[in-house]
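First to last, the protein sequences are chains A and B. So that you can map any letter, position 556 of the first sequence is 556 in this note's numbering, and since no number is skipped, the others follow by simple counting. Quick note, this note's numbering runs 1000 ahead of the 1-based positions in the second sequence.
There's no promise every hint is true.
[Stated by the list, open to error] Keeping only pairs whose Cα atoms sit at most 20 Å apart, straight-line, the calculated DMTMM-like set for lysine to aspartate or glutamate is:
id, chain 1, residue 1, chain 2, residue 2
1, A, 241, B, 1278
2, A, 22, B, 1286
3, A, 241, B, 1285
4, A, 382, B, 1278
5, A, 382, B, 1285
6, A, 198, B, 1281
[Claimed, not checked] Reference listing, derived: stretches of chain A covered by chain B, where coverage requires no fewer than 3 residues with Cβ under 8 Å from a Cβ of chain B:
id, region
7, 230-240
8, 282-293
Simulated from the structure, these hints should not be mistaken for lab results. All C-beta atoms, glycine included, are put in the ideal place defined by N, C-alpha and C.
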Amino acid sequence: MLHELSWKVGGQQGEGIDSTGKTFSTSLNRMGYYIYSYRHFSSRIKGGHTNDNVRVTTSPKAASADYLDILVAFDQETIDLNGMELRDGGVVIADAKFNPKLSDKITANVKLVVMPFTKIAEEHGAVIMKNMVALGATARLVGLDVNFCTPVLQSRFGRKSQKIVDQNLEAIQAGFDAMDGEAIDFAAFKLVPPIPDKHLFMIGNDAIAFGALAAGARIMPAYPITPASDVMEYLIKKLPKVGGVVVQTEDEIAALNMTIGAAYAGARTLTATSGPGLSLMMEALGLAGMTETPVVIIDTQRGGPSTGLPTKHEQSDMYAVLFGNHGEIGKIVLTPSSAEECFYASVDAFNYAEKYQCPVILMTDLALSLASQSVAPFDYDKVTIDRGLLATQEQLDQVPAGQMFKRYERTEDGISPRVFPGQLGGIHHVTGVEHSEIGRPDEGPNNHVLMMNKRLNKFDGIELPNSVSYTGDKNPDVLLIGVGSSIGPIDEAVDRLRNQGIKVGHAQVKVLSPFPLKTMTSYVNSAKQTIVIESNGTGQLFHLMQFFGLNHPEMKSYLKYDGTPFLAKEIEAHVKGSMIAWQR
Amino acid sequence: MATVKEFRNSVRPNWCPGCGDFAVQAAMQRALGNLDLEPQNVAIISGIGCSGRISGYLNAYGFHGVHGRSLPVAQGVKLANHDLTVLAAGGDGDGFGIGLGHFMHAARRNMDITYIVMDNSIYGLTKGQHSPTSAFGFKAKTTPAGNIENAISPLQIALAAGISFLAQGFSHDVNQLTQIIQAGIEHRGFSLINVFSPCVTYNKVNTYEWYKEHVVNLEQFPDYDPTNRNMAMLKVAETDGLCTGLIYKDTVKKPLDALIEGYKEMPIVHQDIHIDRDFFEKTMEEFN
Ligand SMILES: Cc1ncc(C[n+]2csc(CCOP(=O)(O)OP(=O)(O)O)c2C)c(N)n1
Ligand code: SF4
Chain A
1 MLHELSWKVG GQQGEGIDST GKTFSTSLNR MGYYIYSYRH FSSRIKGGHT
51 NDNVRVTTSP KAASADYLDI LVAFDQETID LNGMELRDGG VVIADAKFNP
101 KLSDKITANV KLVVMPFTKI AEEHGAVIMK NMVALGATAR LVGLDVNFCT
151 PVLQSRFGRK SQKIVDQNLE AIQAGFDAMD GEAIDFAAFK LVPPIPDKHL
201 FMIGNDAIAF GALAAGARIM PAYPITPASD VMEYLIKKLP KVGGVVVQTE
251 DEIAALNMTI GAAYAGARTL TATSGPGLSL MMEALGLAGM TETPVVIIDT
301 QRGGPSTGLP TKHEQSDMYA VLFGNHGEIG KIVLTPSSAE ECFYASVDAF
351 NYAEKYQCPV ILMTDLALSL ASQSVAPFDY DKVTIDRGLL ATQEQLDQVP
401 AGQMFKRYER TEDGISPRVF PGQLGGIHHV TGVEHSEIGR PDEGPNNHVL
451 MMNKRLNKFD GIELPNSVSY TGDKNPDVLL IGVGSSIGPI DEAVDRLRNQ
501 GIKVGHAQVK VLSPFPLKTM TSYVNSAKQT IVIESNGTGQ LFHLMQFFGL
551 NHPEMKSYLK YDGTPFLAKE IEAHVKGSMI AWQR
Chain B
1001 MATVKEFRNS VRPNWCPGCG DFAVQAAMQR ALGNLDLEPQ NVAIISGIGC
1051 SGRISGYLNA YGFHGVHGRS LPVAQGVKLA NHDLTVLAAG GDGDGFGIGL
1101 GHFMHAARRN MDITYIVMDN SIYGLTKGQH SPTSAFGFKA KTTPAGNIEN
1151 AISPLQIALA AGISFLAQGF SHDVNQLTQI IQAGIEHRGF SLINVFSPCV
1201 TYNKVNTYEW YKEHVVNLEQ FPDYDPTNRN MAMLKVAETD GLCTGLIYKD
1251 TVKKPLDALI EGYKEMPIVH QDIHIDRDFF EKTMEEFN
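Excised from the complex, chain B in its bound form:
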């Protein structure tokens, strides 16, 4: 039986002390351990940013690609081997700035991938520029007079793109975070786990304290039905995108691999790739 420990490695993260990403790392390790997965059957594909380093901080197969492109790489991995548990991870700049297009398309394509975004409303690795989730008026290196662009709402975008599983967590609450990551992995389809993961070095506004004051835990609402898309839309709007917990889960939609014509049960990587002479000759005959 796999445990949390097996997903730990000896690498010391180079995150600043107190960075929200530590909690995400811990929650991922716990979720994977709780699910009794074997490290060699897990692939973590990440983007670029402080958060993107996470693929190197867990004991599993890890791929750290280029900025904003973790989702295309993750989808490629999943296509080749759907037996793997594929996680994608990165920052808000990575996922909702440079990679927003891929995010929308991954959501509508609905491959069985769990996407974890460490949202700190700032660009950490490049030292403090504003991000697509920075609020209007937010002051950062690139917005000295206050942000004059509007923040995007990842949750609303996800719902609009037809995402089949949506949850939001907060680095302060590792238990809830573990639970929703676990549920996201268990969900057969594309899931986004957006995590408020404070940057203690560059974001002096959206701090742990700030989030604690503003975040609304959906568990407070016993009537909240996460399978109701309209309700999810409303709740996201009502809470200004600051709700945590399971926001939406589609129970009907099939994941992409269940819909691909000719796609076999056995992962592509395990299939014999030689074609037989007869098939070759017949295929060639079509060019006559």
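Only chain A is shown next, with the shape it has when bound in the complex:
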């Protein structure tokens, strides 16, 4: 019996690969299994290879598996491109239509099941249902009930047409039956029964968007870009229900400036983008910092530079986010590492933005933005809204007639009360030019120093809660450090290494700015060696740690930048290799 299953379906974009994977994964999630599903796609709408890798487990995992058990192929390319991932004893189930062959790159002992997906689907009403035939065959192979996805199909198509549901179910049954006769050791593929439990199933972007909705964000100006667009698409569906609005702007420059305008006027507002869009926002980011306007920017990193690898995974915007704007501003940068954390980080982002009156950038990476994962239901009671320091009407009434409100009053902690346009007695000026306490341009040397200090000192010595998560051994021989979605593969590698008797710890950075220097220093100092693991070509996190003052002679960088996320086996092998190197 299998305690976990790694299943992949592949074909041409536009063939319904996505919905096949989604039906499979959503159904199993509802049954109580934990799912991690990662979709490979390219910047083409129709045509071009796409696949969906679904990992089914009985305890939460946040990474794709090292190997595939089953590959469902709708074309030869799928076998040629993915066959190598199959383990010994794995199975390819392929459509008879294209005369499938196992490619010579497959070195494992793999069985090929050829099944007339297309023909069976046609017999049941429509070629598009070949996906359902494949799901039926999968169900038979892994010992699932033939009706395992009925509830999901019912909620997806039921309202539109019961006939479609029934046809799909028949196609599934036909695939199920067709598999029955195959000479396969079915017992070896049988998936252990799930422990029924309720999980949500979502991508990181959904979690961010839902978090924003719950946090009271009501305005989102944004310009579409992969992999950020889903945040906007979700909120377009939801914000009108709560009196909010999404505006698709003409570009990212407009998006962030509009966000600033709305936030200045008192609304909780966000925008979302990725690398190229982030670059366009840099001038406005400086404006938000200078005017102390609480904006939330979602940066979903993808492969760069330029339009580089728009649909591939990378973590290479860290420098841009921290240092990309001109001048010096204080900002908060959150880097959650799971969909669940994305939700709460999104709520935090709005609270921090208003508490510290600064831009907050919530940074994810493509794998975290787009991979679907099982998530424990969110806790309504944990969603709190803190609007920070707002001037009361009594305070405003005390502003002498003919004088301006001191919006930029120099206070001890650098945080001055805010007012929103429309408030009586709160009139002041806001400008990106260096200004006095009432917002009048003031370029005097004294004033600039005082105001710079006011803005920057807000973050002095602050470590935000949960800036770092730590698992594994205390005082480890090797400390692994990561950021973003790599938490899954690193954790798995840590488990395996510890099972082999190696002392390993894992620190995942959840806040890049203000950098949790104290915490990170204590972790790094507690370890003999440290490996910083990240998806980019220059070791941005590694160098940032040094930049922030963290130095350790035995700190090394492990990089991957081929567009795919780390696998646990790669990290495991790398750590073992480095330990040997270190011993020499």
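Based on the hints, put chain B with the ligands in the right spot on chain A.
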């Protein structure tokens, strides 16, 4: 009752004596006073340039952003609080150079914002470079041998973008300027008030005298119908973009906020942003 005086503050503009922008400032103050608006309910969002400083020279909420981006900021303000009277203001470089894209989109988006451009056909603040409205052949610091690019026509662009209110003024005629700004504010939708606002320091061609000679006041034409878009297009072309007064007004098109699904009467900033447990649970259920 609010008066002109209430929109004055104690800040002395740092414009050169004689700069056309003084008249724009005065006309804005008068228009706001005439409309009996309260200063705290007015937000003036400006760009960068000599003209962009205007948000600091009126007593109202003011926001002076970055170069060319006053319109996106203004639209954000309006989205958050549609009870506010939102004015955007800046120069021709700001609005039709770096910010042209935003201008076209703001015009087609048609939020209820009044955009006042102080057009002096030069970059004032950066000391005399040519601007997108500088004429062919115009000599400036960056066109010592004469401009070899064509000037754009803001009015034609505005009409092409589907603007719902278009007027043009001249700093010499504060009365007309006041009237059209007032009408622009009263118009429910996006309005452009383009103002010939001479730069007395750097533009030695398009001076007050030059404008006085060339400007054509539309009030001279009793048959002119500003609700007729084709007529407006023709008149703008005929006068080479030098007509003043109300050029076009759409009486049918609704402003954006009237079209946004779910947008409430009460401004977003005044709404309770907490969502109730039931809505939260139901929304979460969709991820199952
Ligand atoms: C992104 C950016 N580029 C350039 C500048 C420099 N700059 C400041 S004002 C200005 C031109 C202003 O011209 P205009 O908008 O016509 O206003 P005027 O000064 O004539 O009133 C320029 C280019 C800037 N502030 N920001
Ligand atoms: S430089 Fe020109 S535009 Fe600027 S203040 Fe002087 S006259 Fe006005």
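Here is what the structure says about each hint:
1. A:241 x B:1278: Measuring from Cα to Cα gives roughly 14 Å; hence the hint holds.
2. A:22 x B:1286: holds (14 Å)
3. A:241 x B:1285: Roughly 16 Å separates the two Cα atoms, so the pair holds.
4. A:382 x B:1278: holds (15 Å)
5. A:382 x B:1285: holds (17 Å)
6. A:198 x B:1281: holds (13 Å)
7. 230-240: Held - the region 230-240 of chain A has 3 residues with a Cβ nearer than 8 Å to chain B, which meets the minimum of three.
8. 282-293: Coverage by chain B holds here, the residue count being 5 at a Cβ distance below 8 Å.
Taken one by one, the earlier hints all hold for this structure without exception.
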